[in-house]
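*Asks:* Please construct the entire structure, taking both the sequences and the accompanying hints into account.
Protein chains in written order, with the numbering used here: chain A, 52 to 523; chain B, 52 to 523.
Keep in mind the hints are simulated off the structure, nothing from the lab.
Incorrect hints may appear among the rest.
Identical chains blur together in the list; that is why a pair holds if it fits in one copy or across any two.
List time: in silico DSS-like cross-link candidates among lysine-lysine, alpha-carbon distance up to 30 Å [said to hold, decoys possible]:
id, residue 1, residue 2
1, K380, K167
2, K351, K415
3, K380, K87
4, K167, K274
5, K380, K102
6, K507, K415
Spelled out from the first residue to the last, the chains are:
2 protein chains.
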Amino acid sequence: MLNYKMVRKGKDRERIMEQVFQYLSENNQEHLEQLKQFLRIPSVSTDSTYKEDVKKAAGFVAEYLKNAGFRHVEVEETNGHPLVFAEWLEAGAEAPTVLFYGHYDVQPAEPLGEWKSEPFDPDIRDGRIYARGASDDKGQVFMHLAVFKAFLQTTGKLPVNVKVCIEGEEEIGSANLYDLLQKEKEKYEADFAVISDSGMVANDQPTILYGLKGFTGLEFTVKGPDNDLHSGMYGGAIRNPAMAMAHILTSMKNEDEVVLVEGFYDGVEELTEDERDLMQKAPGEDFTVSTGAKETVSEKGYTAKEHTMARPTLEINGLYSGYQGEGTKTIIPATATAKLTCRLVPGQDPAKVQDLLAEHIERKLPKGVTVSIKREPLSAKAYRVDPNHPLIRKAAESFSETFGKEAVYVRMGGSIPVVEWLDSIYHIPVVLLGFGTPEDRLHSPNESFPLDHFEKGMQTIANYWNKVKKID
Amino acid sequence: MLNYKMVRKGKDRERIMEQVFQYLSENNQEHLEQLKQFLRIPSVSTDSTYKEDVKKAAGFVAEYLKNAGFRHVEVEETNGHPLVFAEWLEAGAEAPTVLFYGHYDVQPAEPLGEWKSEPFDPDIRDGRIYARGASDDKGQVFMHLAVFKAFLQTTGKLPVNVKVCIEGEEEIGSANLYDLLQKEKEKYEADFAVISDSGMVANDQPTILYGLKGFTGLEFTVKGPDNDLHSGMYGGAIRNPAMAMAHILTSMKNEDEVVLVEGFYDGVEELTEDERDLMQKAPGEDFTVSTGAKETVSEKGYTAKEHTMARPTLEINGLYSGYQGEGTKTIIPATATAKLTCRLVPGQDPAKVQDLLAEHIERKLPKGVTVSIKREPLSAKAYRVDPNHPLIRKAAESFSETFGKEAVYVRMGGSIPVVEWLDSIYHIPVVLLGFGTPEDRLHSPNESFPLDHFEKGMQTIANYWNKVKKID
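*Replies:* Here it is, written out as structure tokens:
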């Protein structure tokens with residue numbers, strides 16, 4: 052098998068691939084300019100003042116696909132933002148059908164004061180392109196659009212049958228996509244799906260992402276008196292809602308980072324030794340360096356890496372009570388609110404975990420206060436695919452051939468709900484082909500994407516379509 | 052002793068007193084109109100936009116005292132708002148000298164939208180006068196000014212030697228008064244002090260307030276990573292500052308309302324059985340009715356009443372961390388902040404307690420986060436005078452003669468720093484002659500003061516000066 056790779060490589064580097072790579076190379080500057088156009092559209096899905104811009108971004112994607120050579124392109128209206136659907140199904144019956152999913156909407160840019168360049172005026176510096184959406188997800192979506200175009204413009208065809216689904220609501224929960232997938236099941240049906248909305252563990256380090264965490268959450272408000280009270284007159288007679296909330300919170304997780312909510316870990320698929328070895332091979336992020344935290348912590352019995360990748364978590368995302376201004380105000384606050392979310396792993400059911408959280412809160416509620424719970428309607432199950440699946444192996448090969456390094460295998464702490472839906476509705480593998488890096492600063496000011504990943508990513512994608520045209 | 056009260060009453064109702072009571076009765080409407088003028092001046096000390104109005108209110112007080120018959124009246128400039136000082140020292144060497152202290156500044160009126168009438172346009176309805184400052188403290192200060200005038204205008208003299216000190220910074224900590232008391236000790240020196248800036252336990256229930264709590268506080272901020280983090284990518288590796296803060300907070304007070312900070316209760320003067328009996332006689336406030344809280348709580352071993360009056364407390368006044376807007380944001384917050392204040396009882400030293408709080412927080416800080424502490428510069432020791440002191444007994448008598456009811460004896464959970472300063476600088480009794488009611492809504496929208504207390508209060512005060520002209 053020693054020359055297997057070189058021989059395969061030779062066969063892979065057929066005339067077709069050479070044409071495609073040449074096209075990509077010649078058009079790299081052009082592609083960057085087109086990406087900039089895409090990035091200039093402030094397609095902020097969560098904010099209704101940008102509704103028209105969101106539409107505009109959908110139009111950009113549709114137009115690009117049409118110009119690329121997709122004959123069937125629709126901008127599908129929904130109850131929210133439009134969804135762009137396109138298909139090219141002329142690769143033949145032997146070739147598989149792939150659903151490429153992405154999103155053209157972006158996070159809000161706030162806080163604006165912390166951006167070094169304008170969030171919607173792409174700036175290239177230090178080998179990166181800076182803009183909101185550069186990494187999540189426009190940079191990566193555009194790479195796929197350009198590769199489709201490269202194939203169609205040079206060879207007149209794609210190696211695989213392709214359905215393209217690019218929505219505008221991923222940042223706000225993809226509610227309408229979910230409905231469409233349910234109602235129009237056959238339209239989106241495919242043999243497998245590919246998504247590029249994640250990242251590599253480090254710059255230039257091919258990464259196979261074979262698992263995602265699930266997600267559930269809620270908000271609870273503890274209420275004491277009807278109004279804020281003078282703490283001198285009433286301190287000693289009234290349960291302080293902020294302190295009651297603190298007691299509830301500390302009953303949910305201890306200082307060993309173990310979640311104490313009864314039943315929380317039931318059904319959790321344990322990490323096998325094989326997986327622990329696989330994870331260990333992936334370079335660890337020095338979290339103290341990347342985040343500025345004094346030191347890392349992790350669940351008792353697990354490393355920080357294992358905990359972020361494959362153990363469930365419970366986090367406070369926000370809390371507020373009483374007086375928050377400058378100086379002192381001697382009150383007993385009327386209410387106290389905490390927002391919690393959990394990241395889940397295979398074996399956990401989001402609805403069940405949400406129930407457990409709510410029950411726990413009600414059970415731990417101290418005397419003298421009441422509680423109201425607002426459940427987060429969005430949720431997702433965890434996702435995990437066999438790292439040895441042929442589609443996964445070919446992705447690893449595509450990566451290593453382009454980047455010149457073996458891929459590492461990881462599971463991610465984040466959630467991508469659409470992955471779980473595709474898994475549960477179609478029971479197909481979802482290949483997470485991510486080209487981002489830890490420095491991209493998703494969801495934060497000064498989001499960026501590395502230019503060399505932009506180039507190499509397109510080569511990797513092109514290589515991948517060629518490899519999977521025949522599934523072993 | 053059966054007829055003692057009636058005989059004394061007869062002697063008390065000397066011609067002088069009849070004259071004074073008649074004057075008060077005839078001028079009641081006039082007094083109300085003058086009070087309204089006083090209330091119309093928005094003397095909000097904390098807000099510099101009202102600086103000129105604050106001056107104007109000082110001028111009102113000074114003018115009134117001059118017209119009343121005080122020959123020595125000064126508006127003393129300070130580094131902040133002016134202080135009005137006046138003295139009338141012609142009662143003779145046998146008569147004691149009293150320092151009457153009050154304040155002409157008021158709390159801000161915000162939130163404005165919740166006032167039923169304009170905060171600085173006094174409105175009379177339901178037997179009350181509604182305006183910011185009606186109870187705290189202009190209504191009560193004015194009563195004293197009117198009584199001084201009543202004596203001087205009818206009899207040409209006051210029963211006691213009087214020093215008047217009415218400042219404009221009580222709501223913001225009286226910093227300049229403190230300096231003046233230190234620097235000009237003799238100027239303000241007296242045999243005892245009288246303050247009317249507190250309330251009765253219920254409408255029409257004479258109340259002897261013989262103790263106040265002290266006060267100390269701080270704010271602490273727990274810091275984790277440099278920025279808010281994506282909770283999927285970093286959950287499991289980074290200590291959540293909000294949860295760390297919750298762990299610190301719950302280590303400070305348990306669900307039995309006992310403060311757990313080491314050394315907190317050291318030196319606390321215990322409640323004697325006599326005092327517990329005295330307190331029990333005071334009508335209890337039904338805290339669930341007055342505040343809307345579901346039920347009351349109290350420190351293990353003490354009733355809610357005892358706890359509010361005479362046991363130290365630790366309260367969270369505010370806290371905030373991370374995302375506080377609508378819906379969900381899946382972050383690990385970078386920081387979490389809590390504001391704490393303690394009400395102290397005799398035996399506790401505010402600076403020492405503040406140290407204990409800070410040390411405790413640092414000791415309980417979990418691994419993986421840092422903390423910064425901001426100490427509240429304002430503090431006050433508790434105050435307690437012997438309920439059997441002659442000056443206190445005479446206050447009780449003055450009350451019961453006017454209101455026709457025995458006075459109840461209480462200690463208050465609130466703090467009045469100037470009381471503690473007078474105690475520690477001059478070592479004199481401070482008589483808290485309060486005419487407010489629980490419905491006055493100090494520091495809140497729709498502050499008001501009952502008109503019958505306005506009338507009866509002036510009678511009580513006049514009666515009191517007459518009684519204390521000779522101290523047994």
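*Asks:* Does each hint hold? Answer for all of them.
*Replies:* Comparing the hints with the structure gives:
1. K380 x K167: For K380 and K167, the Cα distance is within 30 Å only across copies (23 Å; inside one copy 37 Å).
2. K351 x K415: Both, since 24 Å and 19 Å are each at most 30 Å.
3. K380 x K87: Result: close only across copies, 28 Å inter versus 49 Å intra.
4. K167 x K274: This pair counts as between: shortest inter-copy Cα distance 24 Å, intra-copy 42 Å.
5. K380 x K102: between (41 Å within a copy, 21 Å between copies)
6. K507 x K415: neither (53 Å within a copy, 49 Å between copies)
Of the numbered hints given earlier, the model fails hint 6 alone.
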